[in-house]
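First to last, the protein sequences are chains A and B. Under the working numbering, think of the first position of the first sequence as 440, with each following residue one higher. Under the working numbering, think of the first position of the second sequence as 14, with each following residue one higher.
You may find that some hints are simply not true.
Straight-line distance between alpha carbons at most 35 Å, and here's what the computed DSBU-like set of lysine-lysine pairs gives [unchecked claim]:
#1 A:K590 with B:K115
#2 A:K576 with B:K505
#3 A:K590 with B:K69
#4 B:K414 with A:K586
#5 B:K417 with A:K586
#6 B:K75 with A:K576
Below, a sample of chain B positions facing chain A; criterion: calculated Cβ distance under 8 Å [to be verified]:
#7 H64
#8 P67
#9 W68
#10 G73
#11 M196
#12 N199
#13 C239
#14 T366
#15 W409
#16 K421
#17 K424
#18 K500
In short, the hints are calculated from the structure, not lab data. Cβ atoms here follow ideal geometry from the backbone N, Cα and C, with glycine treated the same way.
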Amino acid sequence: MQRRALLRSMVMGGAGTLLHVTSPSLAKALAGGAGSMMGINNLQLSGVQREMCRQLSELIIPTTDTPGAIAAGVPDFIEMMVSDWYTATEREIFLQGLSALEEDCFARHSKSFLDIVEEKKIAALSRQEDLAASYVKEDEGFFLMPKEDEKAPFFDKLKELVVVGYYQSEVGATQELSYNPMPMEYRDIPVTLETRQWSS
Amino acid sequence: MIEQTDFDAIVVGSGMSGGWAAKELCEAGLKVLVLERGSMVRHGQDYITEHTPPWKIPLGGKKPRELYERDYPVQSQVFSFNETTRHFFNNDRLNPYSYDEKKPFEWRRADVVGGRSLLWSRQVYRFSDLDFEANKRDGHGIDWPIRYKDIAPWYSYVESFIGVSGEKLGLAHLPDGEFQKPMPLNVVERAVKYSIERDYPERNLTIGRCAVQTEAKNGRGSCHYCGPCDRGCSVAAVFSSVGVTLPAAERTGNMTLRSDSVVEGIDYDQETGKASAVRVIDANSQERKRYTGKLIFLCASTVASTQILLNSKSPSFPNGLANRSGVLGHYLMDHATGGGAVGMMPGHLDSYTVGNRPTGVYIPRFRNLQKKGGRESGVDFLRGYGYQGKALRLGWQGTFKQTKGFGKDLKNALRRPGPWLMFMGAFVEQLPKKQNRMFLDDSKKDRFGIPQVAFDASFGDNEARMQTDAEQQARKMLKAAGAVSLKSFDIKTSPGMAIHEMGTARMGNDPAESVLNKWNQAHDVPNLFITDGACMTSSSCVNPSLTYMALTARAVDHAVKLFKSGVI
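Please construct the entire structure, taking both the sequences and the accompanying hints into account.
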């Protein structure tokens, strides 16, 4: 089949909805799974926390010649993951991290993180990174099959959510990275100044 | 409409071997019922996650942990298990089995039409006489009742139909097949190949022989290198029974495919001395049915086929159907996959790759290749191992944690392809041992009232010594090829993890110590054939699916001759 026909078949139904499933038991199995993309089930963030996450995400992956974390929808991803995916331990570490960041800003600047200039926000986030640097993972496990690190510190958690949320997003995958779902070949290619990672 | 309940042949299982049994029996003109315990998957239309873009994958690709721990503790460890393939897998909570805590067994299963042929790593290698003579040579297990010449034409027949890409090497111990053009090695793999073949003239590195077409043939497309074959391939470039053999069977008009049909047991007719019927429980309604057939092919997978036989007790067969020898359930084997090495490969930063190649590299067995005696000098184990691996440039997933900082610098760093990494992992042959077994635990029933499977199996000293050698050799080869930050490993794994479980109803010449004859026909029940992994007499170190398919086609050819001549 030609690339164009393949792309068309993708648009027509390859990417699939439950309506296309002909097997009732298969449809049931699918519907029973992680449906978190449909909406957040268990909202956990206050208004201030939500705004902090929004700004923090953009500090980690900023707008440059391509859109940044906010344009990619990362804040919603963070909120969904913190609310619905995190374990209680992870959520506690994450929310305490936001509080610690806020306390640090009040202690140094007598202002909320939200009310200081960007330079100071970057410095505040860098201090969180420094705090995280001394953390040692408890159970390394087998290095080829790493487990989720439940006790990882706030900065590591935040960075992971932003990075995963960004590069898995449509903006990250298609504008920041190169998306080529139908390469039609495998071969070596030269790296140029324009070369980006494949997201596909 | 009254449902048809009498058939010329009944095939239990619709995966790698069941699909072949169905195709061959149907094409021979027999009316065939195919029974599958899992739910229906139709080619193309049920590949609901094919080409799902990254942003449509739930949770950014993170695992829904609670769900996996509750329902998929075993299956979620499979390399091809994720939210885009979960609907093809077995639910562990609903389908329990047991083992001694100190000897875990990983029973990795699909639960759909097509079985694991949808989810496999697509690697296809021929056994050779080094494998078929191995038991006889070193005295472990019993001799195979066949040799390479018996199966060679069937390998060719199967390869031509399924579409195999690969490179001919001219090695006696890894025979060449009917290959479509090989997929390319990348620049780092070529460098490692050069280094290994320079240092060790008797070793080879080649592209993994895989059941993915590189040429549009057989009414199917060629690979478009999108990557995740296990979501389903609507152009059927990759082989699966759903995409290839079952449609061929369907085209004859002779196949009735019944999904959601759990086989409880097989009835034996004492007067005729044959298997007469298959008892089925509907997975949804729990309704019981009985189908009669003149030929019965068990292709339900190594463990499931033997479970069915062990659960088919009668006055003639108090220990399970076709089990007069008492070896049914014993001599369970897998491959040990806990040895290998991974390292970063400096340089080559001016090269990247386009496309997702659905295979890796293969380093064929190089230990104990001589014909006489079991082991070569300086080697402290019998048999051998091969490696599978690949080189790739790391993506953001593999580098972001090590990339310090945040902001523009982080973003610019993650934008570019990461450094090259080369991985190689060994597949170690397991010796056949009687104490490695599966059996039925009559005290524990599943949701259909069928006794649960229990395992008592572990890898032994020979596998452990061989794996240690595999680690050391992998380390040496990668180091010589220039790897840095080299990590080698030799970890204890559990049987089942390679998903190459086989044995339990082995072939052999002597009915007193084997279940099947050289035609995969039960010694004790002439119209019963078992052609999945259960039939295996030894495990070789190569991926076994191709051998199951070739043995199936060969067994059907024989069975049809007996059927048409009225012998069975």
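Here is what the structure says about each hint:
Between A:K590 and B:K115, the direct Cα distance comes to roughly 29 Å. Compliance with the 35 Å bound is thereby established for this hinted pair. For the proposed pair A:K576 and B:K505, the alpha carbon gap of about 22 Å is at most 35 Å, so the pair holds. Among the hinted pairs, A:K590 with B:K69 is consistent with the structure: their alpha-carbon atoms are about 28 Å apart, no more than 35 Å. With a C-alpha separation of about 14 Å, the suggested pairing of B:K414 with A:K586 holds against the 35 Å cut-off.
Taking the CA atoms of B:K417 and A:K586, the gap is near 21 Å; set against the 35 Å cutoff, the hint holds. For the given pair, B:K75 sits about 19 Å from A:K576 by alpha-carbon distance, which is consistent with the 35 Å threshold. Annotation: interface hint on B:H64 holds; nearest CB of chain A at approximately 4 Å, less than 8 Å. Given hint, B:P67 at the interface with chain A, holds; its Cβ is 5 Å from that chain's nearest Cβ, closer than 8 Å.
Interface hint status for B:W68: upheld, as the beta-carbon distance to the closest one in chain A is roughly 4 Å, under 8 Å. The beta carbon of B:G73 comes within 4 Å of a beta carbon in chain A, closer than 8 Å, and the hint placing it at the interface holds. With 8 Å as the threshold, the beta carbon of B:M196 comes within range of chain A, its nearest partner Cβ sitting at about 6 Å, so the hint holds. Hint on B:N199 holds. Least Cβ distance to chain A is approximately 6 Å, under the 8 Å limit.
Given hint, B:C239 at the interface with chain A, holds; its Cβ is 6 Å from that chain's nearest Cβ, closer than 8 Å. Taking 8 Å as the C-beta cut-off, the interface hint given for B:T366 holds, the closest approach to chain A being about 6 Å. Among the interface hints, the one on B:W409 holds; its C-beta lies about 5 Å from the nearest C-beta in chain A, closer than the 8 Å criterion. Given the 8 Å rule on beta carbons, the hint for B:K421 holds: about 6 Å separates it from the nearest Cβ of chain A.
For B:K424, the suggested interface contact is upheld, since its CB lies about 5 Å from the closest CB of chain A, less than 8 Å. A hinted interface residue such as B:K500 counts as satisfied when its beta carbon comes closer than 8 Å to some beta carbon of chain A; here the least separation is about 6 Å, so the hint holds.
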